[in-house]
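Engineer: Using the sequences and the hints given, assemble the complete structure.
4 protein chains.
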Amino acid sequence: MIGFGVIGYGYWGPNWVRNLVEMAGARVVGTCDLRKERLALIQARYPTIHTTTDYRELLKNPAIDAVVIATPVQSHFDLALQALRANKHVLVEKPLTATVEQSMILIEEAARRRLVLMVDHTFVYTDAVRTMRRLVEQGLLGNIYYYDSVRVNLGLFQHDVNVLWDLAVHDLSIMEYVLGIQPSAIAATGVAHVAGQPEDIAYLTCYFEQNVIAHFHVNWLAPVKVRRTLIGGDRQMIVYDDLEPSEKVKVYDKGITLNGGAEGIYQLLVGYRAGDMWAPKLSTTEALSTEARHFVDCIHNGTQPITDGVAGLRVVSMLEIATRSMAQRGQSVEICLERACV
Amino acid sequence: MIGFGVIGYGYWGPNWVRNLVEMAGARVVGTCDLRKERLALIQARYPTIHTTTDYRELLKNPAIDAVVIATPVQSHFDLALQALRANKHVLVEKPLTATVEQSMILIEEAARRRLVLMVDHTFVYTDAVRTMRRLVEQGLLGNIYYYDSVRVNLGLFQHDVNVLWDLAVHDLSIMEYVLGIQPSAIAATGVAHVAGQPEDIAYLTCYFEQNVIAHFHVNWLAPVKVRRTLIGGDRQMIVYDDLEPSEKVKVYDKGITLNGGAEGIYQLLVGYRAGDMWAPKLSTTEALSTEARHFVDCIHNGTQPITDGVAGLRVVSMLEIATRSMAQRGQSVEICLERACV
Amino acid sequence: MIGFGVIGYGYWGPNWVRNLVEMAGARVVGTCDLRKERLALIQARYPTIHTTTDYRELLKNPAIDAVVIATPVQSHFDLALQALRANKHVLVEKPLTATVEQSMILIEEAARRRLVLMVDHTFVYTDAVRTMRRLVEQGLLGNIYYYDSVRVNLGLFQHDVNVLWDLAVHDLSIMEYVLGIQPSAIAATGVAHVAGQPEDIAYLTCYFEQNVIAHFHVNWLAPVKVRRTLIGGDRQMIVYDDLEPSEKVKVYDKGITLNGGAEGIYQLLVGYRAGDMWAPKLSTTEALSTEARHFVDCIHNGTQPITDGVAGLRVVSMLEIATRSMAQRGQSVEICLERACV
Amino acid sequence: MIGFGVIGYGYWGPNWVRNLVEMAGARVVGTCDLRKERLALIQARYPTIHTTTDYRELLKNPAIDAVVIATPVQSHFDLALQALRANKHVLVEKPLTATVEQSMILIEEAARRRLVLMVDHTFVYTDAVRTMRRLVEQGLLGNIYYYDSVRVNLGLFQHDVNVLWDLAVHDLSIMEYVLGIQPSAIAATGVAHVAGQPEDIAYLTCYFEQNVIAHFHVNWLAPVKVRRTLIGGDRQMIVYDDLEPSEKVKVYDKGITLNGGAEGIYQLLVGYRAGDMWAPKLSTTEALSTEARHFVDCIHNGTQPITDGVAGLRVVSMLEIATRSMAQRGQSVEICLERACV
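Protein chains in written order, with the working numbering: chain A, 69 to 410; chain B, 69 to 410; chain C, 69 to 410; chain D, 69 to 410.
Be aware that a few hints might be false.
It does not matter which identical chain is used: a pair holds within one copy or between any two.
[To be verified] Within a straight-line C-alpha distance of at most 27 angstroms, the following computed DSSO-like cross-link-like pairs (lysine-lysine) qualify:
1. Lys318 - Lys349
2. Lys104 - Lys128
3. Lys318 - Lys293
4. Lys293 - Lys349
Rather than coming from a laboratory, the hints here were simulated on the basis of the structure.
Structural biologist: Below is the structure:
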């Protein structure tokens with residue numbers, strides 16, 4: 069039985085508490101939030117869970133083995149570092165930290181203490197995303213041509229981070245997991261429409277050493293909700309629509325065919341191939357339930373989570389560089405994850 | 069009765085012939101194509117239309133008052149210039165020419181001879197696009213925040229122009245007409261996946277002096293067809309989906325609200341406002357029919373078409389600059405339409 | 069503070085408990101279910117709620133003022149009658165009872181004791197359904213022509229009731245509430261595909277004294293989920309799609325126009341009128357929350373609920389007659405709600 | 069080279085002329101319509117086709133081998149009979165005739181003269197419908213449970229026939245072709261909302277000796293266009309949506325599973341099975357082109373068309389019986405195609 073402490077009972081905190089409460093082998097010992105009314109809500113729902121406004125109570129509590137940090141980004145590093153130093157396993161909401169430097173320190177601290185450090189890249193634990201990764205790994209798409217993602221809606225305006233840190237974080241973690249490659253450079257552009265507030269709409273492009281392009285559109289000010297990703301390969305292509313109730317992943321047997329003409333490349337005939345479409349059955353298990361199970365398993369077995377500190381670092385690195393590019397009107401910036409580059 | 073000659077009977081040529089044949093006040097005197105089998109097809113369909121492989125026959129024919137040029141881009145300038153010099157009114161398929169310089173020469177030639185020079189920015193003649201322009205002009209959207217367009221599908225691979233010149237040309241002409249403002253700088257990025265072929269996927273960003281951003285995604289290699297534009301204003305927002313059979317334009321009474329907090333801008337509360345959605349009734353008249361009518365009216369009245377040479381020039385200019393930016397990995401390039409800048 | 073007992077913790081029970089737990093002025097005192105594992109689940113979630121396998125414990129408990137009955141249909145009558153006799157206000161899951169006779173007895177018992185008897189016609193408490201009723205009442209649709217509803221999916225196969233009692237119950241209660249008229253006759257037809265099991269697909273038609281037709285398609289064996297209702301009037305028409313995330317109700321300014329010809333009715337010109345479409349903003353408050361609030365208010369004020377026993381009776385009556393018609397291959401059966409007819 | 073005469077240049081006539089004009093081995097010799105302006109339109113489009121207001125001119129013309137009859141239903145029988153007697157092969161728009169008796173006479177006349185008699189059940193010549201038939205024939209759906217079709221929109225109000233004869237004719241011919249079985253009884257119900265006009269909304273149910281039910285909803289007064297058919301089998305299910313641009317036929321690997329319980333049928337466990345979805349690639353050849361080709365082939369080879377007189381008769385028979393049932397408020401009527409029954 070692993071004892072859990074949950075810090076932050078805002079948007080994600082309640083989902084973590086609910087999943088941990090109903091998971092065999094886990095027990096929520098205490099939760100923490102600065103707002104009294106949130107604590108009252110926890111009390112009404114789960115009278116046996118200890119509540120506090122002081123997270124240090126949780127860190128001191130020997131019945132707590134692991135801590136879930138579901139607070140604003142700016143506080144992630146400090147809370148996670150203290151939790152690790154208190155010898156707690158740590159799961160942090162995405163993005164892992166506010167800077168690459170911070171992520172690196174957490175990774176080292178966790179490694180030194182042989183503690184599990186995990187980041188909540190939620191979508192990686194959905195069957196849709198896992199299925200896409202499998203299809204790519206097995207080569208069913210052929211050579212990847214592009215990855216195009218749109219995540220827009222009239223969303224909650226964040227004050228502390230721009231729309232890339234709020235929304236693109238999901239898509240970068242999905243892309244990274246599905247394609248299994250990292251970009252070599254990033255360009256981003258965005259606009260802030262409200263004075264004193266961060267960018268509310270942004271476009272991000274990833275360049276790779278391979279002849280692949282990845283592009284992301286994120287927007288807090290869209291009249292409709294769109295969650296659609298296209299992945300094009302030379303053999304097959306995927307449409308991943310997270311708003312579809314059941315057929316979230318559709319695989320199209322479409323591509324291009326090349327026929328060399330008599331006079332060489334100038335006579336090249338580019339044709340199209342269109343075949344069947346296929347939507348694999350997907351499990352509907354809630355991602356957070358799979359993820360909570362995985363966290364517990366990693367703690368038990370001392371294994372590295374799929375979304376470990378390094379996965380978190382890679383996404384933070386992309387966001388950091390994208391923000392830098394956005395400040396230079398989309399000038400592309402090289403990525404370097406060596407310690408020396410930071 | 070205005071006599072027409074149509075040069076090029078490929079994709080758009082037949083649509084022009086069909087619309088002109090059935091339009092009162094117009095008569096198709098002759099058509100020209102280099103391919104014998106295309107001429108045979110015209111003969112089968114319209115036995116009374118003169119066919120030829122030599123466009124000069126049409127330019128010499130005094131029964132022909134106006135010429136429609138529906139050939140590949142590279143030939144637009146030369147054919148249009150000769151037609152103007154033969155004192156024919158000229159309508160050219162989009163994009164008007166392959167370079168800004170060429171567009172300028174055509175504009176001057178037409179002006180000197182008092183001939184109508186028109187470019188086929190087809191969508192400008194749809195009721196959907198005209199309705200959006202009216203909504204923007206009347207201020208119903210409030211201050212414009214962004215224009216985001218996606219035009220992708222498994223389309224006909226062009227060998228002579230990249231995907232921007234083939235697809236983005238539509239969206240740039242729509243954007244220009246609907247918003248009524250011109251960008252001050254453009255950045256574009258794209259990838260060619262087939263050796264020796266032009267870019268098949270591209271992203272284009274327009275920057276404006278106003279705090280607006282416009283972004284375009286065009287793609288010849290997408291598994292599904294998407295034709296969707298979002299236009300965000302601070303009062304209302306539009307979703308324009310050209311694939312919708314009837315409600316192509318939806319107006320959402322959504323926006324953001326700002327409440328200054330006691331401590332000023334740092335306490336600013338950004339809220340959301342969501343109201344009704346409304347889809348205006350749209351006429352289903354074929355755009356080409358409206359456009360052909362407009363061309364004939366301009367010839368009769370000696371008036372300037374909505375999509376005149378200058379409108380064509382502006383779009384060519386954006387495409388030219390975008391292509392230059394694409395060669396520099398998305399480095400943004402300033403736009404200048406003064407003669408001195410070219 | 070009203071004390072509640074909830075009998076049945078299957079599909080709807082947990083929703084009732086959750087809503088009552090978080091509602092001001094209400095308290096869930098005890099819940100009952102025959103299955104130990106369900107009681108254990110309640111204990112895990114709400115350690116302070118008393119659980120039992122014997123519903124009589126709840127009926128005897130003086131701290132309980134009102135009872136929610138969320139058990140299979142067959143048990144509704146007996147449980148509700150006992151609850152009323154124990155002087156509890158009663159809310160029963162739809163359909164109210166298994167027979168018209170039973171509904172009548174409950175109505176009389178509740179009236180005699182001045183207790184609130186309410187049936188959970190859930191959709192009546194959604195903003196979508198309330199908005200449609202308002203539009204009809206205000207005459208915006210003009211004369212009603214038809215009501216056509218489809219509710220199909222691969223659903224939970226019921227063993228005790230046929231698909232009409234399981235699914236059409238929703239649509240009959242919505243139709244009755246929105247149109248405000250009752251059918252004079254009903255015809256229904258259906259098929260059972262599994263030996264020994266009730267009908268799994270059925271079609272039901274309601275005839276009215278007015279020139280209106282209502283039709284319902286319900287199906288447990290459909291590959292896709294459909295929840296769509298069309299309501300046609302001579303002035304405007306509605307499409308109500310419960311699966312739409314936000315624009316559930318769309319109002320089309322469409323209809324037919326009649327122009328009498330010179331030679332009278334045989335020369336009548338029937339034309340079509342097509343105008344704008346409009347989707348009113350809908351509140352997203354959970355129906356059960358609105359409904360629970362309404363139940364508590366009725367108890368406090370001694371008023372009749374919108375979905376009172378008589379509303380429940382009317383729906384049960386339609387289902388009873390439809391089932392009779394279904395046994396006669398769709399022969400239509402007159403409806404009579406006078407005591408004498410039963 | 070087969071010479072064609074086309075009688076009627078209203079809605080379908082132009083489509084037939086266009087397809088025959090461009091088909092190798094066919095030639096349109098003459099067309100007939102009572103309206104001068106329609107003849108003028110033909111002249112403008114096809115100056116070499118002879119036009120007349122007197123269909124007898126076409127029947128007398130020895131250059132005409134085959135006649136396409138695209139006139140209102142009431143005239144089908146008389147025109148077809150005269151054409152057959154003039155030794156012309158005949159293709160008649162759906163429905164074949166206005167009565168079963170008339171269809172029988174035409175079938176006999178064509179058989180006696182060894183002429184091809186074909187009915188234009190257009191959808192039978194689409195790849196979507198042919199693919200569904202193949203899937204059913206190959207047993208991929210397993211035992212068929214139901215066939216449910218919806219064909220509604222704000223359509224052209226017909227004065228001479230009710231909505232069943234106008235719209236359900238399509239679906240009955242599709243159902244008959246795909247399932248390969250004929251109903252044993254039919255029930256239909258409908259309403260006329262405009263005084264003096266035929267029913268504008270109707271529901272039709274087919275009963276079969278097998279445990280299958282087929283149901284059709286047709287409606288001229290719907291605010292939206294729907295063309296959707298569900299076909300349920302115990303192994304797989306189909307959704308056929310004719311408005312989908314490319315994936316018109318989707319095959320769902322869904323069904324029900326039965327597990328006998330210890331105590332026999334009352335303990336039967338009905339479970340659900342959900343697997344992948346699959347959309348076969350469909351050819352986009354225009355149905356009328358395939359059909360015209362087939363007509364010409366049948367004439368050449370003296371073979372029976374897929375949609376021969378008997379197929380036409382079967383559909384007319386269903387419509388006739390449905391209309392009779394509709395007059396009796398949905399009372400089901402047995403079908404009998406023996407001569408003796410008529």
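Engineer: If a hint holds in the structure, say so; if it doesn't, say that too.
Structural biologist: Hints, verified against the model:
| no. | hint | in the structure |
| --- | --- | --- |
| 1 | Lys318 - Lys349 | both (10 angstroms within a copy, 14 angstroms between copies) |
| 2 | Lys104 - Lys128 | within (21 angstroms within a copy, 37 angstroms between copies) |
| 3 | Lys318 - Lys293 | both (19 angstroms within a copy, 14 angstroms between copies) |
| 4 | Lys293 - Lys349 | both (24 angstroms within a copy, 16 angstroms between copies) |
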